[in-house]
Amino acid sequence: MLPVHLQFPIRGGDFHSAGEASSGMKKALSKLGVDPSAVKRASVAMYEAEINAVIHAGGGEADVEIFADRVSIVIRDHGPGIPDVGLAMQEGWSTAPDAAREMGFGAGMGLPNIQRNADDLTIDTRVGEGTALTILVRFHRPAPTAPGPEA
Amino acid sequence: MELRHSVRLDRDKCVGCTNCIKRCPTEAIRVRDGKARIAEPRCLDCGECIRICPHHAKSATMDGYDVLSRYDYRIALASPSLYAQFGPPATRAMILAALRATGFDDVREVAAGAESVTSATLAELLDPDRATALPLISSACPVVVRLVQMRFPGLIPNLVPFDSPMEATATVARREAAAATGHDPSRIGVFFISPCPAKRTAARQPYGRERTDVDAVIAIADAYPRILACLEKMDPVALHEFEARTLAGRDGIRWGNIGGESLALGTERFLAVDGIHSVIEILEEIENERLRDVVFVEANSCIGGCIGGVLVVANRFTARTRLKRSIESAAVSPPAHDVAREAARLLRWTLPLAPNPALQLDADLELALAKYERLERIAKELPGLDCGACGAPDCRALAEDIVNGEATEQDCIVRLREQLRGTLETTAPEGGVD
Ligand SMILES: Nc1ncnc2c1ncn2[C@@H]1O[C@H](COP(=O)(O)OP(=O)(O)OP(=O)(O)O)[C@@H](O)[C@H]1O
Ligand code: SF4
Ligand SMILES: [Mg+2]
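First to last, the protein sequences are chains A and B. One gets my numbering by counting positions in the first sequence from 1 and adding 7 to each. One gets my numbering by counting positions in the second sequence from 1 and adding 41 to each.
For the record, the hints were derived by calculation from the structure and aren't laboratory data. Mixed in with the good hints there might be a few duds.
In the PhoX-like style, the derived pairs of lysine-lysine whose C-alpha atoms are separated by at most 20 Å in a straight line are [claimed, not checked]: (1) B:Lys412 - A:Lys34; (2) A:Lys38 - B:Lys412; (3) A:Lys38 - B:Lys421; (4) B:Lys421 - A:Lys34; (5) B:Lys63 - B:Lys76; (6) A:Lys34 - B:Lys76; (7) B:Lys54 - B:Lys76.
Here the structure is a predicted model, which is why all the values come from computation and not from measurement.
The task is simple: from the sequences and hints, build the whole structure.
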């Protein structure tokens with residue numbers, strides 16, 4: 008069977024509507040009856056990636072494919088790219104502008120949180136061209152993950 | 042069949058407008074054949090449709106005073122929102138005495154149960170194992186609990202796992218009355234005087250516990266005129282009796298308005314949100330793990346908290362001022378810490394809370410996927426005006442109804458008009474239309 012395919016635009020710099028894409032995906036997963044813990048992990052991961060596209064990259068788009076056993080989420084932007092992914096993945100590292108910090112973003116927790124919640128994460132980024140995050144969340148994860156970076 | 046819900050529709054008054062279908066937080070209402078219809082499994086009993094209906098076609102089915110005669114000994118439970126209905130010179134002792142005089146053998150303050158729930162919640166907040174499911178979300182408003190089960194099942198572990206103040210008070214009231222009077226517990230009637238229909242539903246379908254200790258739920262609006270009448274001919278002996286009683290403390294009474302439950306906890310790391318649609322926004326944020334610096338979330342379906350319930354009499358602004366009087370004249374509550382562990386032990390839910398699948402397309406994920414795909418296809422073909430003329434709150438909801446076999450594409454007036462125009466164009470002579 009074909010997966011259910013959802014697409015959402017992500018508007019850059021628009022804090023107000025930021026989160027609409029992940030919220031739309033969450034609604035879909037809930038309607039489908041996916042187990043609540045997987046819904047939560049998928050929406051947390053997608054929300055953080057969506058916010059990053061808004062804050063750091065001037066927006067982009069989200070592509071979501073839902074299968075019977077997993078959801079695959081691609082968040083693509085045409086922003087500045089991430090020069091040092093290793094650094095960006097560290098907890099607390101952030102280049103968020105003041106405007107974003109005033110809104111409560113910029114703790115440098117987003118990427119680590121995506122890593123924690125995803126079963127698989129690929130970051131494809133080119134400086135000057137943009138970034139694409141591919142997040143995979145399986146619906147029934149057999150065993151709990153190894154301790155996250157915070158442990 | 043026993044009605045599971047308290048919010049009802051009066052078909053004669055309903056004119057089939059779209060006010061309620063647009064307001065319902067779970068999209069539970071459709072207009073079919075010119076009349077609104079509530080899909081029972083999705084109804085949260087929040088009362089939003091009662092509030093918004095300009096024709097007063099929605100109402101709440103509550104218990105009446107006639108149920109009192111079924112019991113040998115009758116106890117009324119007075120909630121803080123009841124105190125908020127009466128202005129000066131009525132004092133809390135007067136209100137309680139008057140309430141008893143309306144037909145009860147005793148009255149109990151739900152504020153006392155609220156103080157116990159505060160203690161138990163404190164114990165839970167201090168429990169190191171809790172770190173996994175923070176913030177704690179208050180479970181005192183039954184609408185919020187049902188909303189979480191239906192729309193945010195991932196947050197079930199965050200709910201405060203204790204009886205509500207209503208249940209906590211009812212349990213103690215029945216036990217103590219049985220001991221003091223010798224009545225068989227089953228012959229004792231416990232009646233909650235309620236600001237909302239949701240509390241009645243909660244008493245009929247209890248959550249977290251096997252059975253309820255609340256036998257019936259009477260609307261504040263029903264008790265109000267009777268209490269007023271009794272206030273006017275206040276019996277001084279009864280009044281003296283209540284003035285001599287130790288009444289509930291400040292922290293319990295505060296619960297009547299939004300923010301009160303949080304203040305009682307004595308932490309600054311709380312967030313209080315009122316109004317079902319705002320509650321949904323905050324629950325979204327919690328699910329996205331964006332409320333990082335908060336350990337407790339107080340969520341009330343009604344704007345203003347329970348003083349804004351749909352079955353009260355005073356408007357919530359007057360009610361707030363009146364409640365403030367009761368709060369300020371009350372004694373300071375004993376420190377909640379002292380009895381925290383004991384309260385947590387006594388009040389802890391004995392049954393787990395299950396997710397409610399009422400919003401799901403199908404119990405089978407494969408079938409649900411197929412339905413969802415069809416839903417998406419249909420939704421794309423609908424005009425996207427969200428006009429509500431089809432009887433569904435928006436075009437997507439109609440698409441879902443179609444997939445579920447409950448509506449057809451012809452229910453969309455805009456599409457029907459297009460189709461009609463198409464037929465006319467092919468059958469009418471040259472230049473015959475427009
Ligand atoms: N899509 C992106 N394009 C360009 N840079 C990015 C992108 N996503 C993340 N970054 C860079 O990586 C850093 C770390 O991202 P991360 O999401 O972990 O934290 P943050 O967004 O700064 O703060 P928080 O997510 O806690 O609000 C960002 O500050 C930014 O420099
Ligand atoms: S806020 Fe209070 S009055 Fe309103 S629905 Fe919830 S419990 Fe009832
Ligand atoms: Mg981020």
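Hints and how they fare:
no.	hint	result
1	B:Lys412 - A:Lys34	holds (14 Å)
2	A:Lys38 - B:Lys412	holds (10 Å)
3	A:Lys38 - B:Lys421	holds (18 Å)
4	B:Lys421 - A:Lys34	holds (17 Å)
5	B:Lys63 - B:Lys76	holds (14 Å)
6	A:Lys34 - B:Lys76	violated (28 Å)
7	B:Lys54 - B:Lys76	holds (9 Å)
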